[in-house]
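Undergrad: Listed below, chain by chain, are the residues.
Protein chains: 2
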Amino acid sequence: MRHAVDELAWLSGDTRALLGTWLDPDAPPTPSALHAPRGRLRGRVPVHDDEATRSLTGLGLALWRQTGGRGPWESPEGQGALRELEASLGLLGAEAARGALGLLPPLAPRAHKSTASSGSALREFLDRDRREVRDRALEALLAPALRIPLGLPTHEYRARVLEALRYLSEQGLGSLGYPRAFGGADDPAAAVAVFETLAFGDLSVVVKFGVQFGLFGGSVLQLGTARHHKAYLGSIARLELPGCYAMSETGHGSNVRDVETTATYDAITDQLVVHTPHDGAAKNYIGNAAEHGLLAAVFARLIVADEDHGVHAVLVPIRDAQRRVQPGVRIEACGLKTGLNGVDNGRIWFDRVRVPRTNLLDRFAAIGENGRYHSDIPNPGRRFFRMLRTLVIGRVSVASASVSAAKVGLTIAIRYAHRRRQFGPEGAIEVPILDYPVLQRELMPRLATTVGLQLAVRTLQARLMDPAESDSAELEVAAAGLKAYASESCVTTLQASREACGGQGYLADSRFASLKADTDAFTTFEGANLVLYQLVAKGLLTRFREEMGDLTLRGAVRYLAERAETALTELNPVVTRRTDEEHLLDADFHHAALAYREARLLRSAALRIRARLDEGMDSFQAVVECQDHLIYLAKAHVEHRILREFDGPIARAPTPGLSELLRTTSALHALSCIERDRGWFLESGYLEPGKARAIRGQVGRLCAELRDQAHVLVDGFGIPDELLPEIARRESFDSGL
Amino acid sequence: MRHAVDELAWLSGDTRALLGTWLDPDAPPTPSALHAPRGRLRGRVPVHDDEATRSLTGLGLALWRQTGGRGPWESPEGQGALRELEASLGLLGAEAARGALGLLPPLAPRAHKSTASSGSALREFLDRDRREVRDRALEALLAPALRIPLGLPTHEYRARVLEALRYLSEQGLGSLGYPRAFGGADDPAAAVAVFETLAFGDLSVVVKFGVQFGLFGGSVLQLGTARHHKAYLGSIARLELPGCYAMSETGHGSNVRDVETTATYDAITDQLVVHTPHDGAAKNYIGNAAEHGLLAAVFARLIVADEDHGVHAVLVPIRDAQRRVQPGVRIEACGLKTGLNGVDNGRIWFDRVRVPRTNLLDRFAAIGENGRYHSDIPNPGRRFFRMLRTLVIGRVSVASASVSAAKVGLTIAIRYAHRRRQFGPEGAIEVPILDYPVLQRELMPRLATTVGLQLAVRTLQARLMDPAESDSAELEVAAAGLKAYASESCVTTLQASREACGGQGYLADSRFASLKADTDAFTTFEGANLVLYQLVAKGLLTRFREEMGDLTLRGAVRYLAERAETALTELNPVVTRRTDEEHLLDADFHHAALAYREARLLRSAALRIRARLDEGMDSFQAVVECQDHLIYLAKAHVEHRILREFDGPIARAPTPGLSELLRTTSALHALSCIERDRGWFLESGYLEPGKARAIRGQVGRLCAELRDQAHVLVDGFGIPDELLPEIARRESFDSGL
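So the sequences go chain by chain: A and B. If you're matching positions, the first sequence starts at 49 in the working numbering and goes up one per residue. If you're matching positions, the second sequence starts at 49 in the working numbering and goes up one per residue.
Not one of these hints is a red herring.
No copy labels: a pair is met if it fits in one copy or bridges any two.
Result set (SDA-like, lysine to any residue): computed pairs, CA atoms no more than 20 Å apart in a straight line:
(1) Lys586 with Phe471
(2) Lys586 with Gln470
(3) Lys278 with Phe412
(4) Lys586 with Arg305
Just so you know, these hints were derived from the structure itself, not from any lab. Note that the structure is predicted; figures quoted are calculated from it, not measured.
Given only the sequences and the hints, what does the whole structure look like? Please build it.
TA: Here it is in structure tokens:
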């Protein structure tokens, strides 16, 4: 520490000397020596200054502003660096700041406990955004067209799903994201909200809905220009033109940048020649391909005058109006799948299929009438990134559907386990199985995280509306991370929920059979989860490098952080040893812990990769060697993101009861993340064993607490009884009370 | 420590004084002071004494025998107490004993690395037990009768499954466990071996096979007497008499002791009246009930002269030869299930159905001609336990089938991931995805644990043959634990394997759809896993209490253990800090760590429950409050058990190459268990953070090492190509090399 202080050239000699005396472990500063500055401090900072009470950095900046505020801390970068330093030191910023100011902590969840809440009030609050379209989607789910029986033969099932889509299109629910001129509402967030709501029902309908209106229609909208919109969007919205989003290839599942299908410009005929160069380049797993699709947005390498300009999208007719496959096109059905058999996935091969030049979706790059390629985005990587926008919306949609499916599973399991009685004390009535701590531990943390995921996907849905985000790499990172985490969480949540229902959960009527089989695909499509997590980690590393450039100020802060980190955190008894309930339930502790983990994993990942590059290793290999570290980092990032999503709703909840319920939920999400990863926290010295044990105890207590409120949360999900199996309907649930 | 030594009254004054001087931390014994006894010791113990080099207890006993061997250590109980003390102290017994004797450690896996092994040699070795019937079962799997296509409508599927059973019965594979007089081989282990092998194929066939020949036929065999055997076993074996094992009820899934169906003896007509008293007491989920079953072994409370004698089994005809349901019997099909739709599960209600008194399966309890109830087993709990024998065999069978299904999944995933290439360095050929560390971490530890589970279920199969085990509570504990752990492990292994295959794994052709859907039931039937884990924990606690009675000797040892434990383990740098590869890969370290965890969790669970009982809490509530602790203990016990299963095969493997491969596999099982649970090990002070990190590194290295040998292990599973999807056939795998 002393060495680190010496390195900070900008400290005055006096300050340095004072710090030096304070750092002598054999002669710590006396209470009165510390009292004097604390007194000065308390008098000067307004306690309602939100920033000052939220972190030590905020407190420091507030003081610095009062003294005139000049110098390095003026810039947002400088302040950002300080915040990062604070996070990486693992100090409980808010706690320490409040302590310095003599303020009381915000009340811990346990403090007000009894206020009852209702599920309908919760739903009012959580579903307030796009409530009207959500209700319309719920209503549509109950229409006969969408009540598809279980166990239909594949062909019949697909016909029913197509019929369901037609109904949804008639209700105007397919085109909400399109411009008003084409029957839409110009509201992509509403489109995702509908997608999310429909995911309470048959997931084949949802996926085919997403393929048609989201991926296919979305690529015409996002990648095409006025002429394409005019020619196609109306008939896409009316389902007169079913179509495909033909991106994935057999040989390159999640590696979309390397697709091998070609679209070669033939200047003589002014046409594009779309071709599958070899079997591995066939488009694979394409929804709408096996039966219904007429037109496909085909992602292919665009070759103009022998130059490969990278991947672009071209519209290629694959069937005529009578559904006869076009010449030069070969289509094969994918066959029976684990789930989603209402969707007609297929493989497509193109044998030099010619389409007009104008079929190129040319918003970001075009071939002029002169036959020349031009683009306003000169960087091919950046251009490709813009073209993947539809995929980003797709990922937000898959995350949303994963959350909905998990909510259905949890609703069924929690209501069932509340009614189902098994075993009990000698001679007494059997006990509802939800009273067993071990079942609470299976269900309650997943319930808490699912609520957090719901908040997180809603935030992302709203960001899709923000024009400032249209080119946002951060949005891509957020969408990738939430898609991976939500789909993974959905799979494990449904498994736990199914097992909680025992044999009842194994009957197809209970819905778990299709829920599990259908959502299993979510871990793979729109990008395999392990690939997406790496994308998240790379995004974080890029930002980290940008922020951690070579500015002298940052260099100093970074140096200090690296040197002091271990010593400080291990020595700071506030962080590592406090086991009292007030501290363990304090949201500041939760935020600090998850922020610390993310920051530290990010820095160590950067250092490990840097070390390998410095040794001359190629960057691919360097990343591969740190792969599990990167995935760990990505998950830590998402868990932290989910936690942050609770803050706004807790602050804005309309009643103290709801606010308290969300706070308990947030605390359980955070503490169960910390508990699950306590190995890392113990290794890094952030927790002492006693504190880790105390956290385990708190998780158990929060599980029991949330068990009593679980019915409010699942009521708040707002899933209509008609969509639930008998064992989980509200009436029967209520009568079981 | 000093205090503990003082308490050991049997130490001589001199010894006590000497120990006292050694225990002074400021004046530790000099090397030469320690050298003298070590020299004496080394001269006296024969280094080929296996026991003496395996633990400090063994070493002590060897010395004690040389000095005449009298006193408290003579009894097996005394020696057991010492061993337990050693385990709970967390000392690395073998390492320390070898150190004391100046012996070198056994070679770590890394030491001989290159020896190649072949899958066929591995299979020769692993499948040597009951090889002939295993081969017959494999051959049967390839017969047309068992090649059931995917996606059949339910009724057709069930007919095909029945046909498959008929074929298996014709091959004599159904009755291997029955006496020779009824066409069998009197070899229950062979019956389970066949069941295990058949589980490479369609799992509906396997489950229906188990219902007919195992549960139904087994209950006639185990619970009936000569007259039942003669009347039924032959026709059961020939599938002329399909039947049901009607135990579970709607209201009491896994709580079989509390079934409510009654069988009331009517002395006037000399009949039993079988009755379903209310809707919740209907028999539920009964295999063979919905379509094919003619006779059912019904578990009901036997009431004779108004006295309830608890649960007994009665044979009740449910259909006549034309499959018409009998009067008084009502049967309802369970309907479509998540999986296993080739099995016709149903619900059965009995409305005062009368059967002759002699239909009672009366091996353990009978109603005499005089109308009186009598049993040679007066204790009702013990009697019921004997009657559940069929269920114990059933659990061993489910564990075996779980292992087989996991092996199929791993074979597909590993072969696919070895061939599938995705991403790669700039401009170079893409990399096989199995080369990615993150995929290795998903698959290799599961592969290692699956191999260990295979060894463990084989041991259990053999124990089923041992007459001495017919009443063994330990066998019940082992069967329950392995059933729960293997089925849970199967579910997660199949999920990871499916995801490793990406979209390919989602196609039904890849087999994952049915593998996942079918095995999902394994977590619930024959006892829900959470219930079985508690049964394991209770079994361990019972044994612990029996062993830890109030014998003075044991009291002393126990006292010492409790007092010294924490201090010793935390102070013992051998255990907590060594991070060198030789130590981390040493099997002794693995055994010590898993033994320590189990012993400590067991003792703390006992103390926690005891404390609650002492406070006057009722025992049900006391157990409920410690439920997650108990489940943790049960899993720790099973993981330790699996590890121990490797020892014999490593020692007996026919070639050094195989022995080495098994040692690597064993090390990865152990270290990945420790890594996954490093939070606990760090909390308990058994590991220091640096060692935990070193273990993580070793797991990564072992994953990479096993990746290179993975094809040998999966070849060793011996799954015929015909049962695998194209992406996983051996030929294509080899050509991909």
